Amino acid sequence: VQLQASGGGLVQPGGSLRLSCVASGSIFRLNSMAWYRQGPGKQRELVAAINSGGTPNYADSVKGRFTISRDNAKNTVYLQMNSLKPEDTAVYYCNKWPLPFGYWGKGTLVTVSS
66 VQLQASGGGL VQPGGSLRLS CVASGSIFRL NSMAWYRQGP GKQRELVAAI
116 NSGGTPNYAD SVKGRFTISR DNAKNTVYLQ MNSLKPEDTA VYYCNKWPLP
166 FGYWGKGTLV TVSS
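The sequence shown begins at 66 in this note's numbering and counts up one residue at a time.
Please keep in mind that the hints were generated in silico from the structure rather than gathered at the bench. All values derive from a computational prediction rather than experimental measurement. Ideal Cβ positions, reconstructed from N, Cα and C, are used throughout, including at glycine. Check before you lean on any hint, since a few could be wrong.
[Stated by the list, open to error] Derived Cβ-Cβ restraints for the label pairs, each shown as a range: (1) P151 to L95: 34 to 44 Å; (2) K107 to P163: 12 to 22 Å; (3) K139 to K171: 29 to 39 Å.
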């Protein structure tokens, strides 16, 4: 199983980041994929999901600000994050959805702070 997330960093409130996640081809092709996040002292939560046909779903907290997409040829799922808020600070992970693997990879840290 390969789930390699990247693209995180430190950004000011109102800024943007684009996360990428490369998954094993065997995982990616047939599954809906999703971004999850775990903030400090919080449980992991679903941020956005996308099915194999490209139809997205979003958590209410990120609707209108985040966009999930996928490139099936590259086995990659993306998360474009705009208008970032301090409460978006978290480690972001990708995994399949709705039943994620037990393996989560290292994730990528997003810190929103002035």
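Tested hints:
1. P151 to L95: 34 to 44 Å: At 37 Å between Cβs, range holds.
2. K107 to P163: 12 to 22 Å: Roughly 20 Å apart at Cβ, these two residues keep to the hinted range, so it holds.
3. K139 to K171: 29 to 39 Å: The hinted range 29 to 39 Å is violated for K139 and K171, with Cβ atoms some 20 Å apart.
When each numbered hint is compared with the structure, a violation occurs for hint 3 only.
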